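As they're listed, the protein sequences go chains H and V. For the first sequence, my numbering begins at 64 and goes up steadily by one. For the second sequence, my numbering begins at 283 and goes up steadily by one.
Quick caveat, the hints were computed from the structure, so don't treat them as lab data. Hints are supplied without guarantee of correctness; some may be wrong.
[Claimed, not checked] Here are the simulated SDA-like cross-link-like pairs (lysine to any residue), alpha carbons at most 20 Å apart as the crow flies:
#1 V:780 - V:543
#2 H:281 - H:310
#3 V:654 - V:618
#4 V:400 - V:451
#5 H:175 - V:449
#6 H:132 - V:410
#7 H:177 - V:459
#8 V:618 - V:565
#9 V:690 - H:160
#10 V:571 - V:673
#11 H:177 - V:447
#12 H:132 - V:453
This one's a predicted model, so the numbers in the text were calculated from it and none came from an experiment.
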Amino acid sequence: MVYPKTITPHRDQSVNDMLKYLLQRLFWMVPLLIGISLVSFLIIHLAPGDITTTESGFDPKASEESRQKLREIYNLDKPVIVQYGLWLQRMVKMDFGTSFASHQRPVFWQTKDKEGNVTPGMIQEALPITLLINVLSLALILVIALPLGVVSALTQNRAPDRAITLFVFVGFAIPGFWLALLMMYWTGVVHDWLPISGLHSQGAESMNWFARALDTLKHLALPVFISALSGLAGISLFVRNGMLDVLHQDYITTARAKGLPENTIVYGHALRNALLPLITILGLSIPGLIGGSVIAESIFAIPGMGKLFYDAVLMRDFPVIMGILTIGSALTLLGNLLADIAYAWADPRVRRGVMQ
Amino acid sequence: MLTSCGKTPIGNTVDFSVEYPPEDGGTMIDATRGEPGGLITMIAGEAAASAVAQNIFSSLLRYDKNLEFEGELAESWQVSPDQKTITFKLKPDLKWADGKPLTSADILFTWKLVTDDKTRTPYGSDYKLVVRAETPDARTFRVTYAEPYAPAVNSWAGLQILPKHLLQGQDINNTPFARNPVGSHYYKLEKWRSGEQISLVRNPLSTQGPARIERLVSRFIPDEASQFLELMANNIDTMILNPVQYARIFPARPELEQKFGLYKELGNSYTYLGFNLKHKPFDDVRVRKAINYAINKQELIDGVLLGLGEPVSSPYKPGTRWTNPNLAPYSYDPEKARELLRQAGFKDSNGDGILERNGKPLSFEILTNQNKQREMSAVLIQRRLKEVGIDVRIRVLEWASFIGRFIKTGDFDMVVLGWSLAIDPDQYNIWHSSQQAPGQFNFIGYNNSRVDRLLEKGRMELDPDKRMKIYHEFAQILQEESPIVYLFAGYGLPAIHKRIKGIDNPAPPAGIGHNSQEWYIPKPLRRTEISQ
């Protein structure tokens, strides 16, 4: 594509504007984050009970005096707003604190003591595995949903379109845990094709790296498949509708009139424009990448973020809950920003809109 | 080779019911629902932690198969004539798994830890009653109490001894030792794969002699159904079944019964319906008794547990010495229930099927937490109470809210909850009238001076036979007063692969695992293991 020459002198100017815009957005994230954290802090403290009611709350051997002592150690006896102040004080130094339960393990990242013993952080351990599953499943969704959406649009209201729509909606509607259990039974008990749960086989330590990677992939196959299946419907319908919009526009008619080959029209002209809204969707799904599904993680015995968060909520383990919420909200804001930037990068019309 | 997932390729052709002589080695894999945070039980306090830690750490005393005390680290123990001093004599030549000697100094160190105000444990109170702890020599540990304290003996069976040489100067609350412990029991930690599994290997320096099985692996599988699939696929050797799996699925699948032995052991807790005795009309014993008579316990056992449980009539394990053999559960007798309610002044004056007194209908809410067995029990109770003219609504709550919002504040009419079937008979914290402050355990508000006196006396009496009489009388008063309705005690239902031999069946009161160090896996029956 050839740009009109008059734009070139404005280029430096527009980069500067872009930077200014970026800094502005980043700056406004700070008060937003503080607001979000304050609201979440207040809400989780609204729930009755605290760590001393959950951890040993109903063991007659645990006395109320010792529980009161624990509440004082954790500052749970102070007013909520004071507790929030203490938490914010730590967060300013990027200190996520230590869990109330679980031997005070660090919430976010590992710590090292004087003797060099490393205690791994809870989020540090859970995050990579959840990310891996979510990235794999997002990739799988895109790989399958894009062609499905295009085919759907091209065969609108004919048999292939109907079949694809039916398929993705069935995938969307099927309860994941039920299908997961059936698949586990079929591929793990009836046939010896895939492992049932967990991440590694017994004796995985002694395998070479290739066998280990293969072993992990086999363990991840079902969880990734199940989580991708429910995501197909959204993306493929999105692509389908985007394509349909674009295919009815004048420039496509023009391209057809010029006698361009159908493939060039569909993939060269139509699809590129139809994919633009997908950027927003992907940007919005960034925070989703760090959230796992509690049910899937429990069924497949995967130690991911969903289970970590769920257990923390049940245990009223405030530092862990707040740690995950903070990281999640920061990522949400960042994801929005990235989506906007990517949009501006991909679409000159939006770029001009941002600058004004 | 790449497809080997630790399965026996010949799985279906091996006859697992053949008997073999005992031999060492092999791996037993089990599944637990939760992962422990750490393995120092005085800090962790979770069931998942103690299940693993009990294979690693030893206590001074333990319970034998009939739930009587015997020495674990202690060779003997003596109670002084005034019943205030207990002297423990350690077995000779005890060693930690790292080869360092285990002496009375370690026990003193552990006692100091558990009573230290900086230690974040809720379990310190029993040990804080010790006014003097001393170590006259390396094999003797002596504790003195201000006055005789019978649960003390039990408390020393519950305190897992920690190594002084590794923990001195460390902050017990977040020491890395919790995830890399060194103990003195049959097993030691081999590898802890976070979020996945813990494996233990035999400790050659075990203070209790050698165990037979070489390696114990506990996989963390939170979902019951997934555990069961792993069991069916022969990837784990044992799990605790639920009644449906035990009584319905297993009998329908002969290939499972071929491979797995099913066992029954006495449960560790009982389920009850508790009244708020401070609320009217539950202060009236006739109303409590009427409700007790109106509930059909056998129906609950059959419906909720598929028959896999038994009724109880005292808060102790049936078959142990603390259970009063003369007590029987309240029978199911709706006629008697109606009669008692009539005597208490209730009648249906407006014909809506619900009884009233002074215009106030017998209409309550049963609270319980998200626990399938308790929810189902509440539903059956609701129906039976309706038949005698009591209207009941059910409300199911999340645990922390239930405890924090309703139990602590005393804001409830009836609850369905569970208490453990205690091994030590002391129930002071649950039934003594002084234990009613918010957060304490007599939240139903039970207040009986005779029971108070018995509980105080029982705490001061270390002689088992005299203690037994005290608690038999205590259970009898509870039975007459009916401050709670004992519903049932469910069985523990382990399924264990038949490759594991040496299991004591039927299980003694201490449960199926009491002799697990003697269990063995004959070589021909083992899984093919990838050699290390």
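Quiz item: Which of the numbered hints above does this structure break?
Solution: Per hint list: 2, 3 and 9 violated.
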